[in-house]
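Colleague: Given next are the chains, with one letter for each unit.
2 protein chains.
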Amino acid sequence: MANIKDIAKLAGVSKSTVSRVVSNNGFVKEETRAKIMKVMENLNYRPNMFAKGMRTNRSFSIGILFPDLKNPFFTEWYSIVDTISRERGYLNYICVTDPKGESEEMRIDDLLARSIDGIIIFSYRKDDAFIEKLRKINKLTPILCCDSMFLDSGLSCICADGEKGTYNATQKLIESGNRNIAYIKGKDEFSVVDNRFEGYLKCLADSSLKINDAHIISANFTRGCGYKAAEELMEHSNPPDAIMAATDLMAMGVLDYLNKKNYHIPDDVAVFGYDNLVAAKNTSPPLSTIALPFNEIAEKSINTLIKLIEEDKTDIVVEMFDCELKMRNTTK
Amino acid sequence: MANIKDIAKLAGVSKSTVSRVVSNNGFVKEETRAKIMKVMENLNYRPNMFAKGMRTNRSFSIGILFPDLKNPFFTEWYSIVDTISRERGYLNYICVTDPKGESEEMRIDDLLARSIDGIIIFSYRKDDAFIEKLRKINKLTPILCCDSMFLDSGLSCICADGEKGTYNATQKLIESGNRNIAYIKGKDEFSVVDNRFEGYLKCLADSSLKINDAHIISANFTRGCGYKAAEELMEHSNPPDAIMAATDLMAMGVLDYLNKKNYHIPDDVAVFGYDNLVAAKNTSPPLSTIALPFNEIAEKSINTLIKLIEEDKTDIVVEMFDCELKMRNTTK
DNA sequence: TTGTACGCGTTATCAC
DNA sequence: GTGATAACGCGTACAA
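As you go down the protein sequences, you meet chains H and D in turn. Counting in the working numbering, the first sequence runs from 1 upward without gaps. Counting in the working numbering, the second sequence runs from 1 upward without gaps.
Hints should not be assumed to be uniformly reliable.
Same chains, same label: a pair holds when it works inside one copy or across any pair of copies.
With a cut-off of at most 16 Å between alpha-carbon atoms, the simulated EDC-like pairs for lysine to aspartate or glutamate come out as follows [claimed, not checked]: (1) K52 with D110; (2) K29 with D315; (3) K281 with D256; (4) K172 with D68; (5) K126 with D206.
Derived from the structure by calculation, the hints contain no laboratory data.
The task is simple: from the sequences and hints, build the whole structure.
Modeller: Below, the structure is given as structure tokens:
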């Protein structure tokens, strides 16, 4: 691949002049610039990132940690993020972390060893030692968290207000006459969406409805788990008249069960999901759910990280986005 | 951060000796080695990847190009690939390419500028100029293609035998008495799965069934497109008694339509998908489909690329995996 | 407005 | 076994 010296020779100038054109700083005569640009075009010149990085200590690489790529949320989110990073000259390392075990910290070390410019992290973990490590790293390499569980950790964080969203959804169910509202939450060790559950609890309390422990189930985020949770709920001596799930995927499992058992939705049982997956429009019946402002969150995440990288490395940015209720046919 | 010179000074040796210890090649007296190791430990020394890369032209990074992350196939595939690359000391850049436009070539240039060690590519494109460019790059930087469309392009390729898989599925439908088998293929400009279509054509020909042009629809890989295609097929004066789709996602759209119009599946119309998505088990009724050997393909892809990188850079490896029919309830 | 010269942290090639 | 030294491609004072 052509280097800056080749360009200089062909354009009949010195490499410093080429460098000035490439990095767009310093004065270059318009004519010279045009000529150099043309040669670069012809040779399809790209600056060597190693050499550049050695001088500037910047890699224009970002590390992104996902705990689980199978969740459609991440891919949706990443499609947007990748577009923006490319536009701004960055490329992303994608690391899939294992929620069990130490792989998160190891992946972070791998990334750091490659002198990445910043890190975006979706995580299951939140123990103090881990947070402390992140905070330390953040002093040199900006970290952006995308889980509400990091809200008060002294780290930058862009996420959706799952508590408020769930609160509003619960309220909607209550307004429609539901009084026995069950909730399928995530397993305790994966506390990513715990704040959603908080919204449910808070709304019941505010509405003076009693919280029935038998109506709260922990499941593992899969459709199958949603199915089983619904089974457990509906076979209970006092079955609920509405089921909320912390994710659409689990809500779809609930629908699978209810449909199979010929329950009438929403009259026998109402169902509320969370995420507004594309697939949620096509369930039978179409799923009422809580929509995150996907695009805004994705755009804000990457733009914020790049801002932190390029401007104020040690700033802490925290922003929460409101969710929106999508009332479809699983609610009255 | 400490560099090799600091270590050398503190250990009272030259940086060449430190380098020999770090990269573990060349002879160093055990005593000297121990002393150097200790100093490195104390200063928490990490080699600078920029300088190292500049010298060796190796980044231990791999670039992966996906045309569309929303297809669950990719995420499934990548989860496996990422695990293996980490084990072998690599990290992956993930680029989402835009099927329309030149973004593929630009992303490849971006990757090359970062001196990635190898490229894995899933692509929509296959024009001669593009292939030629890839072939040229492949002389220096190993490229592995994961689409059957690259089979005869002189590039390394690991993929599933979509032609044979579709041939077998078509045969199965014919054996069950279906005679009017429609096929929903991809748009012509996105020829990724054309070989699947070939299998359909070949089987019809081998079975002396007439190919009805009105029963062949090009659609755009979404669920909605599958729906519309089914609508077009079923409203035709001579509707089919079976519909095959090039992907499960489109087949699911077909089911959406047929269910809505209260067709009886599979008696009125049989349906066959392709991909064996996790979701295909949960459609109503559960979708008969063609399963790719996911894990094997994923493992083989990354291991092959790393082999090409580390051993025989210019070798060409081609391997095709057989598919397996999953007969569920959308077929007789 | 442009060119010269040097250094960034490594590894590789010598010579000792 | 070890050390000096030359690259690798780029950015940037400083000189012209």
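Colleague: With reference to the structure, classify each hint as holding or not holding.
Modeller: Structure-based check of all given hints:
1. K52 with D110: between (20 Å within a copy, 14 Å between copies)
2. K29 with D315: Classified as neither: same-chain Cα gap 38 Å, cross-chain 47 Å, threshold 16 Å.
3. K281 with D256: both (15 Å within a copy, 11 Å between copies)
4. K172 with D68: neither (31 Å within a copy, 36 Å between copies)
5. K126 with D206: Answer is neither: 28 Å inside a copy and 60 Å across each miss the 16 Å cutoff.
Hints 2, 4 and 5, counting from the list given before, are not met by this structure.
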